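From first to last, the protein sequence lines stand for chains G and Z. Heads up: the first sequence is residues 33 to 435, going by the numbering used here. Heads up: the second sequence is residues 4 to 273, going by the numbering used here.
Rather than coming from a laboratory, the hints here were simulated on the basis of the structure. On a predicted model such as this, the values are computed, not experimentally measured, just so you know. For glycine and all other residues, C-beta sits at the position ideal for the given N, C-alpha and C. Don't take every hint at face value.
Claimed, not checked - Label pairs and their computed distance ranges (CB to CB):
#	chain 1	residue 1	chain 2	residue 2	range
1	Z	GLU165	G	ASP43	16 to 26 Å
2	G	ASP222	Z	PRO67	19 to 29 Å
3	Z	LYS6	G	HIS338	45 to 55 Å
4	G	ASP222	Z	LYS229	23 to 33 Å
5	Z	ARG250	G	HIS338	50 to 60 Å
6	G	LEU263	Z	ASN172	27 to 37 Å
7	G	GLN409	Z	THR79	29 to 39 Å
8	Z	GLY206	G	ARG140	32 to 42 Å
9	G	GLU44	Z	ALA85	24 to 34 Å
10	Z	ASP145	G	ASP222	41 to 51 Å
11	G	GLY301	Z	LYS96	47 to 57 Å
12	Z	LYS98	G	LYS38	54 to 64 Å
13	Z	LYS6	G	MET335	38 to 48 Å
14	Z	ALA85	G	GLN409	55 to 65 Å
The primary structure of each chain is shown beneath.
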Amino acid sequence: MARPCKSNVPDEHGRFGEFGGQYVPETLMGAVSELEQAYKQVCCDQSFWDEFDHLLIEYAGRPSALTVAPRLTDVLGGAQILLKREDLNHTGAHKINNTLGQLLLAKRMGKKRVIAETGAGQHGVATATAAARLGIECEIYMGAEDVRRQKLNVFRMELLGAKCIPVESGQRTLKDAINAAMRDWMATCDETHYVIGSVMGPHPFPVMVRDFQSVIGRELRAQMLERYQSLPDCVVACVGGGSSAAGIFAPLIDDKSVKLVGVEAGGAGVGKGLHAATLSAGRVGVLHGMETYVLQDDDGQTMPVHSVSAGLDYPGVGPEHAYWHSIGRVEYTNVDDDQALKGFTTLCETEGIIPALESAHAVACAMELAPKMTNDQLLVINLSGRGDKDVMEAARVLGREIG
Amino acid sequence: MQKNRLDQNLLQTLDSGRKCLMPYVTAGFPNLDVTAALLDRLDRIGCPAVEIGIPFSDSVADGPVIQDSFNRALDTGFKIHALFDRIAKLRPKLKTALIAMVSMSIVRRIGIEAFMQKSITCGFDAIIVPDVPVDESKIIADASAKQNLRSILMCAPTSSAERQQQIANHANGFVYVIAAKGITGERSAVDNQLPDMIKQLRGWTKTPLIAGFGISSVEHVRNVCKVADGAIVGSAIIRRIREAVDRKCSNDQIVDQIGEYVEELMAGTN
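Same shape as in the complex, but just chain G (with noise of 0.2 Å):
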């Protein structure tokens, strides 16, 4: 299942239109040109996708279940919903599929040591994990409000045999951590790979993580023709980054009777309060090696960005989301973090499943469209995590006490 995707973008200059391309420093273009080749060459290999293949069943236990979702259904009216199981894979999201994809590619580029930024820690556990699969030293860069915040995380990279590096610059979060991971790297770059998190960061690294992501809409895409003899009608992914949203939009793309919805946080509410809604209202600016969009004051310094869900909380997007933006074939919308509090308990109680925050925003945006739809459509939710880490902070917004 897992291969490149068919595209016409990016172009050769990582373009996605007018996004995306190579803004870093000239003492980082020797690291991120070895990896445009080394990608360049494994995309023509088939046995890289055959042994990534073999990883992804065998390993992170995929193809993942495309779920009826029976009791939502009857609760909203309208629309079929069915639920993309991210949230079954092996460390509990989508992550695992690319940090397995990339950390084949860097044994294959014979590198010794991966870095990886983290938020919350999800992206950080799914490297430490494909590193401890794949035998590579590893050590994550994660912000140290975050490790403050996460600290089951934290001890979980290092049960992997990665080491947590806490980062004091700047917030002391993901944004921060992504700059001291870039700043590693530069320096190290002759035996280190940087696994970035996101379809995010200097071309090639949007492209590359949208082709590993892009395994869920293929599959995702199989298993309707093969269960519905169809595609579905909506597709809604949460969008933080973007990587999930990415993997399961790539190969529905030019399917143009599937209607494709992105979800970014909301936070305290766009045009109220802190949020995370880059293409609903930010400009377009230079970010993290990528021109997207991104959330700025006139004086282009990043603005502090907020959702109840640590994943989602990221000033920028990725490139292509902003590309798929611009030509109208995805819509992207927003809902704040009460509504996403109000999809997360929803799906736990109808469907007994408890999704990721981040998911829960796709839940909540398909709790709004479903009831406009009628019951013969088919909407799908990619439901890209599971939720037992963020069992804490949900119990902390709605004022329950536990241990």
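For chain G, the structure is supplied; the task is to place chain Z on it using the hints.
For chain Z alone, coordinates are given in the frame of chain G:
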């Protein structure tokens, strides 16, 4: 292209048998008054050019010392238009060339043409956009050339020969030759690849070659100036400013201490 102040200053210094020392200061750290006073002092010491780093919240190329100075400047309310205003006032008094070192995020936000226009109007002579490599630099180069601003390219020890040649072919003002791998910051020794890299670049361009990254002592400056046309000193200066700030030194004291340090470094350029 008509020679501008940067070209003339570099040429004059090199013609007199000396090498070019280019100190780097972070704009607005600890405040714009100190930045202005430092520019005045560095001008009187005889530096042919000074680099002015424009604070950015998410700089990738800079090491911890410079990033910290950016954060502190932003925390105390640094705004780029205040810098432009201050430079405009100072410019008539200064002989030194002024180089803005600025992230693409900021240039892109202000607008590429508008940024060049503002820069030349207030008195900058060149810009360096460190996160725009030569491959993406055409829009920057075209917009700056229109204003007779130099847009400086950087060349790294990790750049392939092909890239080095491409950088040399597009060079204007000078080539910022990165003397060490990784990010800005002080190092105990200067990379031993530097002489070879300089030699190779000389074959491709007549533009002055100025080395930076990791240079912090008069010995470093002297060693680098044996092969290069000059040296850039950044983190070592910013660290000294930070230490002075943390010791609660007055603005005058900070300027005096940095002035003495740069005078000391100047001895390495003879």
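Checked against the structure, which of the hints given earlier come out wrong?
-> Hint check: 5, 6, 7, 9 and 10 fail, others pass.
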